[in-house]
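K.L.:
Here are the chains, one letter per residue:
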Amino acid sequence: MGKLVALTGNYAVAYAAKYARVDVIAAYPITPQTSIVEKLAELIESGELDAIMIRVESEHSALAATFGAAIAGARAFTATSSQGLLYMHEFVHWTSRARIPAVMAIVTRALAPPWNIWPDHSDFMDQRDAGWIMGFAMDNQEVFDLTLQAFKISEDPRVYLPVMIGLEGFILGHTTMPVELPEQEVVDQWLGPRKQEYVIDGKEPLALGNLAWPEDTEEMFMEIQKAMDNAKKVIKEVDEEYGKLFGRKYGGLIQCINCEDAKYFAVSMGAWSGDLIEAVNKLREEGYPIGVIRIRFCRPFPYEDIWEKVKNSKGVIVFDRSISFGAWGPLFTDLVTGLYHYTNNLPIMSNVVAGIGGVNITYNDFAKLLTSFIETIEKGDKPPVFTWYHKR
Amino acid sequence: MTASSPQSPKPRPPLPYNMREVVLPGDAACPGCPIPMAWKVLSAVFGEKMILVIPACCSSVVVGAYPGNSLKASVVHVAFASAAAVASGIAEALRKRGITDVQVIAWAGDGGTADIGMASLSGAAERNHDIIYIMYDNEAYMNTGIQRSSSTPYGAWTTTTPIIGKTEHKKDVAKIMIAHGVPYVATASVAYPHDLYAKLQRAKKIRGFKFIHIHAPCPVGWRFDPKYTVRIGKLAVETGLWILYEYYDGKIHLSGPSRPYIDPKKRKPIVEYLKLQGRFKKITEDKIKEIEKYVEQHWEWIKRHM
Amino acid sequence: MMYEIIFYGRGGQGGVTAANILVFAALKQGLHGQGFPFFGAERRGAPVLAFARISDKPILRHGMFYETDILLVLDRKLIDIGVTKRVKVRDNGVIVINAPHDYKLDLEKLSLEGKARIYQVDAKKIALEHNLIVAGWPVVNTSMLGAFSKATGIISIDNITSAIKEYFSGKIGEINAKAAYQAYNELNLLMEV
Amino acid sequence: MVKEVQIVKTGIKIPLAKPKVGVAGKTGFWRITKPIVNYDKCVKCFLCEIYCPVNVIRVEPDQGPVIDYDYCKGCGVCVDVCPTGALELIQEE
Chain A
1 MGKLVALTGN YAVAYAAKYA RVDVIAAYPI TPQTSIVEKL AELIESGELD AIMIRVESEH
61 SALAATFGAA IAGARAFTAT SSQGLLYMHE FVHWTSRARI PAVMAIVTRA LAPPWNIWPD
121 HSDFMDQRDA GWIMGFAMDN QEVFDLTLQA FKISEDPRVY LPVMIGLEGF ILGHTTMPVE
181 LPEQEVVDQW LGPRKQEYVI DGKEPLALGN LAWPEDTEEM FMEIQKAMDN AKKVIKEVDE
241 EYGKLFGRKY GGLIQCINCE DAKYFAVSMG AWSGDLIEAV NKLREEGYPI GVIRIRFCRP
301 FPYEDIWEKV KNSKGVIVFD RSISFGAWGP LFTDLVTGLY HYTNNLPIMS NVVAGIGGVN
361 ITYNDFAKLL TSFIETIEKG DKPPVFTWYH KR
Chain B
393 MTASSPQSPK PRPPLPYNMR EVVLPGDAAC PGCPIPMAWK VLSAVFGEKM ILVIPACCSS
453 VVVGAYPGNS LKASVVHVAF ASAAAVASGI AEALRKRGIT DVQVIAWAGD GGTADIGMAS
513 LSGAAERNHD IIYIMYDNEA YMNTGIQRSS STPYGAWTTT TPIIGKTEHK KDVAKIMIAH
573 GVPYVATASV AYPHDLYAKL QRAKKIRGFK FIHIHAPCPV GWRFDPKYTV RIGKLAVETG
633 LWILYEYYDG KIHLSGPSRP YIDPKKRKPI VEYLKLQGRF KKITEDKIKE IEKYVEQHWE
693 WIKRHM
Chain C
699 MMYEIIFYGR GGQGGVTAAN ILVFAALKQG LHGQGFPFFG AERRGAPVLA FARISDKPIL
759 RHGMFYETDI LLVLDRKLID IGVTKRVKVR DNGVIVINAP HDYKLDLEKL SLEGKARIYQ
819 VDAKKIALEH NLIVAGWPVV NTSMLGAFSK ATGIISIDNI TSAIKEYFSG KIGEINAKAA
879 YQAYNELNLL MEV
Chain D
892 MVKEVQIVKT GIKIPLAKPK VGVAGKTGFW RITKPIVNYD KCVKCFLCEI YCPVNVIRVE
952 PDQGPVIDYD YCKGCGVCVD VCPTGALELI QEE
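Protein chains in written order, with my numbering: chain A, 1 to 392; chain B, 393 to 698; chain C, 699 to 891; chain D, 892 to 984.
Calculated from the structure, these hints are not laboratory results.
Computed from a predicted model, the values in this text were never measured in an experiment.
There may be inaccurate statements among the hints.
What the hints assert, rightly or not - Under the rule of at most 25 Å between Cα atoms (straight-line distance), these lysine-lysine pairs were calculated in the BS3-like manner:
1) 869/C / 674/B
2) 195/A / 904/D
3) 667/B / 679/B
4) 848/C / 869/C
5) 441/B / 203/A
6) 775/C / 925/D
7) 869/C / 673/B
8) 464/B / 909/D
9) 917/D / 786/C
10) 658/B / 643/B
11) 911/D / 203/A
12) 900/D / 464/B
13) 488/B / 195/A
14) 441/B / 464/B
15) 233/A / 900/D
16) 823/C / 900/D
17) 904/D / 226/A
18) 909/D / 441/B
19) 203/A / 900/D
20) 802/C / 917/D
21) 685/B / 203/A
22) 822/C / 848/C
23) 917/D / 203/A
24) 314/A / 233/A
25) 441/B / 195/A
26) 917/D / 783/C
27) 203/A / 488/B
28) 597/B / 464/B
29) 596/B / 203/A
30) 900/D / 226/A
31) 236/A / 911/D
32) 685/B / 695/B
33) 203/A / 909/D
34) 807/C / 932/D
35) 195/A / 909/D
36) 822/C / 900/D
The whole structure should be built from the sequences, with the hints applied where relevant.
P.N.:
This is the structure we're talking about:
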């Protein structure tokens, strides 16, 4: 049995990296990620974690150094937020296209200007095209579990892709919650030594990244798409095995709450899913047949699993905490496209973008939005396809 | 320990033969390119056991297209500004894994070092990672077609200084590295392979961050006949314009080939160097005076730190 | 009508310049044109491609192609080493080779879809006669445009020469235009296949 | 006690290249001038071999420089650094 402690989301990330026995950490401080780097430095300097920290001079160099360590055979880890993630974006692509396992935590925060340190998903969702597997936690226990699982998923030979784990700044990052820490030996047994397709350490002369002709290049990238597909299976296997070993199973790519007999579904990702679940519990008591589908991984996008839940539903409302200006929320965009695989008369679907720039969306807001969504459909009308819900 | 100049045919001891196996013929370098010349010297010191971390620069193309690589050594291509950062990551991973038989070398051009890579260079130097950072300096962005870099010399034509020529003096990166207090800094030239060889041997034995600035005349970029790459490299030293030295133990040690030229009277006139290069074809008298002034100031600085 | 044209030359022979001049010439003839280099690193002396399209309607296509109506070979050695095999010449295609008068063509070294008219012109000799040499390389690109005009009839020699004079101002334009005109006259049908 | 990193190859297509002679083809085709040796002048000082940017000159101790013309790019550096004029650049054909 594990040890129950109380940790902030950031510390949960740091401990997950410790349990994964990371070898090299290269990171640059940025609010709200800083306490991850501080805790890791403390763990290292106190001798609790046998790792090397490279205190780089920028986020671009943070992921560059992490990439360097990873290709040279180290289990490498880094973490960043907001502007830092955008600054290292060049290496977000570089790492995935080199097919090198690595793990990065993103303590999500709004993008500037104006300066804003509060949570939304804009920084994280801006990385969706880059070939990283992307998971997002709802609470600090899951932050720990997901960060640990990220190493297992990333180093699976069927995947060999870096993994990015999101947690909202402040409402998870700086919020203390109970977290059960596992036995190190059980983790070692389960995770095992790092695995990768190749290593650059001088044993054999290898060159990574030489210019390639168009056809070779495209074939390499098609492999990434295949790996993303494999990842769907791997993520479920890891979730199963993790459940058996550590007692917490989340359901793989998505988690469903109150879905059994639901006619309506609310889809969301991240910490505010908790507030959404509380709202749905209340509405359930009032007789509304609604369930919550919480997306744990938005890459690879779990449309098959969501279809299984919503195929007979009367209405699906998708909450996005980021927006692609000039279009819609990214989760909505990906879900509609995904469901179109199965049918061209989709259930009534509605996209609500909210909570941008850290605006706090409460369970009351969710209850109000869900009630009007359901009642509009029950009356035979059609709710708006897109709403940017802003309270003030 | 001076390299023999063309006049006296006293044969120098050849560099060890294993410089034959690593730099493979038929690479994509232009005829007369200084890059593989320098790689041969690196191979004489490290053989296959080196990991070249190469940002965007001519070398990225010279090594050829997948699935082939023109070096029988390890290469990691990286984003333009990140050579020092990636090299740091590799070096620390190898240290953690207890691997000590391979040399991590950041191999970057002047643009990738003096401009876009300056922040990561400074960071890696300040953290004193155990790597050799080599800046091969062909004095402009050659891979993208000869645009001006901060390392382009004063007065030189480039495609982005097409009429007036560069209006600033060359950014002296070696001096900046000395200011970082790293254990070893040296300047070298492809025209003096024995000197470069000796500096690499010394750098190899020093733990911590080593920086070597290699002068690398580029036929296409400097507009000269490819057969003159070495001649022009030598003229740069013989005119006093390029000073070969090492910095360790807190002071500058002038290298053999440059020692005679501490005396201005021994230096060949700057024009000898300029006239072979098309990039200086339109240079004016007053600009040559400005270059001569720069050379004098540079020597004064060197003397003060010897 | 749409013609796709490939200039197969060696780095430094001016294949790209020729493709661009061809666009100028096409405009003079009231046609639409497109000219572009091989997208990649070129090296002086190494095999390199340049491309052109000419049409009576605005050209909507983009990008490189390896099947062509007209193949202009700026150096016969490219045929000898076999790289020209990579370009397939469509039925009723035209090939012009810069080669000496007594050049023996090995048809195996070409990739012909069907019938083809193959011409020879000694553009190198013409260049040397006009002292058209740059960095040790005889300038053959403008002569090949003259030969192209005669071999295909798509663009008149007058439009070719005036495009050359527009592209190169002054004396250089004059000499290159003369070379093109001479190639136009000295073109020789090597064989019909 | 986590063991060394394991290399588990799956054969997926990734941007990894291996050493190869002639990545740019037979670069000998590029040249229009080429160096030739008159062996009687050669003092075996190895400068041509040391400087050759294409690494195709091998100085045989008893004979002198042997050049692999499949790849020699004809740049002429060897000719320029030779202290005794044992190498000469000639126009090709």
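K.L.:
All the hints need checking, so say for each whether the structure fits it.
P.N.:
Going through the hints against the structure:
| no. | hint | verdict |
| --- | --- | --- |
| 1 | 869/C / 674/B | holds (22 Å) |
| 2 | 195/A / 904/D | holds (17 Å) |
| 3 | 667/B / 679/B | holds (14 Å) |
| 4 | 848/C / 869/C | holds (24 Å) |
| 5 | 441/B / 203/A | holds (8 Å) |
| 6 | 775/C / 925/D | holds (17 Å) |
| 7 | 869/C / 673/B | holds (22 Å) |
| 8 | 464/B / 909/D | holds (8 Å) |
| 9 | 917/D / 786/C | holds (23 Å) |
| 10 | 658/B / 643/B | holds (24 Å) |
| 11 | 911/D / 203/A | holds (17 Å) |
| 12 | 900/D / 464/B | holds (21 Å) |
| 13 | 488/B / 195/A | holds (16 Å) |
| 14 | 441/B / 464/B | holds (9 Å) |
| 15 | 233/A / 900/D | holds (20 Å) |
| 16 | 823/C / 900/D | violated (57 Å) |
| 17 | 904/D / 226/A | holds (11 Å) |
| 18 | 909/D / 441/B | holds (15 Å) |
| 19 | 203/A / 900/D | holds (16 Å) |
| 20 | 802/C / 917/D | holds (24 Å) |
| 21 | 685/B / 203/A | violated (50 Å) |
| 22 | 822/C / 848/C | holds (18 Å) |
| 23 | 917/D / 203/A | violated (29 Å) |
| 24 | 314/A / 233/A | violated (29 Å) |
| 25 | 441/B / 195/A | holds (23 Å) |
| 26 | 917/D / 783/C | holds (17 Å) |
| 27 | 203/A / 488/B | holds (16 Å) |
| 28 | 597/B / 464/B | holds (23 Å) |
| 29 | 596/B / 203/A | holds (19 Å) |
| 30 | 900/D / 226/A | holds (16 Å) |
| 31 | 236/A / 911/D | violated (42 Å) |
| 32 | 685/B / 695/B | holds (15 Å) |
| 33 | 203/A / 909/D | holds (13 Å) |
| 34 | 807/C / 932/D | violated (42 Å) |
| 35 | 195/A / 909/D | holds (21 Å) |
| 36 | 822/C / 900/D | violated (54 Å) |
When the structure is compared with the earlier hints, violations turn up for hints 16, 21, 23, 24, 31, 34, 36 and for no others.
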